[in-house]
Amino acid sequence: MFILWWIVVGLIAGWLTGKLMSGGGYGAVMDIVIGIVGAIVGGFIMRSLGFAGQGGLIYSILVAVIGAVIFTLLLRLVTRGKVRQI
Numbered sequence: 000m001f002i003l004w005w006i007v008v009g010l011i012a013g014w015l016t017g018k019l020m021s022g023g024g025y026g027a028v029m030d031i032v033i034g035i036v037g038a039i040v041g042g043f044i045m046r047s048l049g050f051a052g053q054g055g056l057i058y059s060i061l062v063a064v065i066g067a068v069i070f071t072l073l074l075r076l077v078t079r080g081k082v083r084q085i
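Under numbering that gives the first Met the number 0, think of the first position of the sequence shown as 0, with each following residue one higher.
Note that these hints are calculated values from the structure, not bench results. Since the model is a prediction, treat every value here as computed from it, not as a measurement. Hints are supplied without guarantee of correctness; some may be wrong.
Here are the computed distance ranges between Cβ atoms for each label pair [claimed, not checked]: (1) 18 <-> 44: 15 to 23 Å; (2) 6 <-> 44: 19 to 27 Å; (3) 74 <-> 1: 22 to 30 Å.
Where a beta carbon is used, it is the ideal one built from N, C-alpha and C, also for glycine.
Using the sequences and the hints, build the whole thing.
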């Protein structure tokens with residue numbers, strides 16, 4: 000059940016990040032992966048800032064979107080925007 004939760008949050012966060020960030024998307028699979036990685040990055044950032052991890056689905060999605068936006072910015076800096084869509 001925990002894995003399903005990560006996939007749902009990753010899917011929503013990846014889709015929202017794709018809508019928030021300008022430019023071409025990375026495809027459905029990469030959006031999920033970016034969302035899941037974003038959830039990990041966002042969770043690390045929020046814990047480092049002292050925020051508790053208790054907040055339910057909305058909190059998880061917001062944290063994942065923040066992390067996914069940061070991860071997407073870093074990904075674009077490294078690849079210079081030359082990632083192919085899957």
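Here's how the hints hold up against the structure:
A hinted range of 15 to 23 Å holds for the C-beta pair residue 18 and residue 44, which are about 21 Å apart. The given range of 19 to 27 Å is respected by residue 6 and residue 44, whose C-beta atoms sit roughly 21 Å from each other. The given range of 22 to 30 Å is respected by residue 74 and residue 1, whose C-beta atoms sit roughly 26 Å from each other.
When each numbered hint is compared with the structure, no violation occurs for any of them.
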